[in-house]
Every structure is written in structure tokens, then in C-alpha cells.
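Asks: Sequence:
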Amino acid sequence: GYNRVSVVEYLLQHGADVHAKDKGGLVPLHNACSYGHYEVAELLVKHGAVVNVADLWKFTPLHEAAAKGKYEICKLLLQHGADPTKKNRDGNTPLDLVKDGDTDIQDLLRGDAALLDAAKKGCLARVKKLCSPDNVNCRDTQGRHSTPLHLAGQYFNYLGRSELLV
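Residue 136 in the UniProt record's numbering sits at position 136 of the sequence shown, and the numbers go up by one each step.
No lab work stands behind these hints, which were simulated from the structure alone.
Among the clues, some could well be false.
Derived Cβ-Cβ restraints for the label pairs, each shown as a range [to be verified]:
1) GLY36 x ASP100: 18 to 28 Å
2) LYS23 x GLY101: 32 to 42 Å
3) ALA16 x LEU149: 41 to 51 Å
4) HIS145 x LYS87: 21 to 31 Å
5) LYS87 x ASN31: 45 to 55 Å
Quick reminder that beta carbons are idealized off the backbone N, C-alpha and C, glycines included.
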């Protein structure tokens, strides 16, 4: 199993179907995500694998990656349009399947809500990790449509830290 990417490339070049399902409804992308094979997952996505495909239990590749703690694969899937709100047959989203304490994946799946929470709680390390030009002005969709800067100022300006987001 050390030449996985080469084998996958060869099979794809010779007509292998990225959409082929096994008896459980799994496609090759499910397997790559579950077992943590980032390069294989990336290659399958580049060849048209559907990131939101569900198996018979309604698990998507993102459910698989999140449950197994595969941060980089979760990130790859989200960048290609994976839906973190999809529920499996038991009603669980990928976030529900993340192991306790795996805050990196939890934050990744929570998206803007994670940055808003970090700003609200005054957690500079998390803000630095989560903040980007794309989300620095994101809005809380519930309540007052506050930005991270609103929340930072509102909840901990008495500590003099609201300038961290400026």
C-alpha cells in the first residue's frame, strides 16, 4: 500500500469510475477520507468525485473524516463544497461525530461561528488561528448580526483586548 496515489492515478487514467458504489453505498472518496489518505482524496475530487455523496447510512465523506479526526481532509472537503450540516441516518452532522477534545476539527466545521465564539470569549490564540481576510467581518446570524470586532469589544473590552482585531 505505499504507492496508493500512483495506483489511483493509473486506474483513473484507464477509466476507473470515481462514482462507483459498493454494497454499502460507499464510493472511493468515503474510503480515502476514512483512512486518512489525503492525496488520494484530493485526486478523486480533482477527477469529479462528489463531496456530498452519502452511503446507505447517509454518511458523507465529511462524516467519515470528521469522525476519524482527519483535519486536512475535512478542510479539503469543505473547500470543495462539502456540507457540514448534512445529517446521517441517526441525525448526526459531521460535527456531532468529532471526538471530544478535537477542537481544531470542531472549529473547522463550525466555520464563522468558531471565530465569533473565540472573539466573544477573548481567546486570542483561537482568533489568530481562525481569522482570515474572508471571515474577519463575518456576522453572527442570530441576534444582532455582530462581527467578531463587535463581540470582542462587547464582551472583553474591559481587558483592553478589542484592539487585537483591528
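Asks: Now tell me, hint by hint, if it's right for this structure.
Replies: Hints and how they fare:
{"no.": "1", "hint": "GLY36 x ASP100: 18 to 28 Å", "verdict": "holds (20 Å)"}
{"no.": "2", "hint": "LYS23 x GLY101: 32 to 42 Å", "verdict": "holds (34 Å)"}
{"no.": "3", "hint": "ALA16 x LEU149: 41 to 51 Å", "verdict": "holds (49 Å)"}
{"no.": "4", "hint": "HIS145 x LYS87: 21 to 31 Å", "verdict": "holds (26 Å)"}
{"no.": "5", "hint": "LYS87 x ASN31: 45 to 55 Å", "verdict": "violated (21 Å)"}
In this structure, the one hint that does not hold is number 5.
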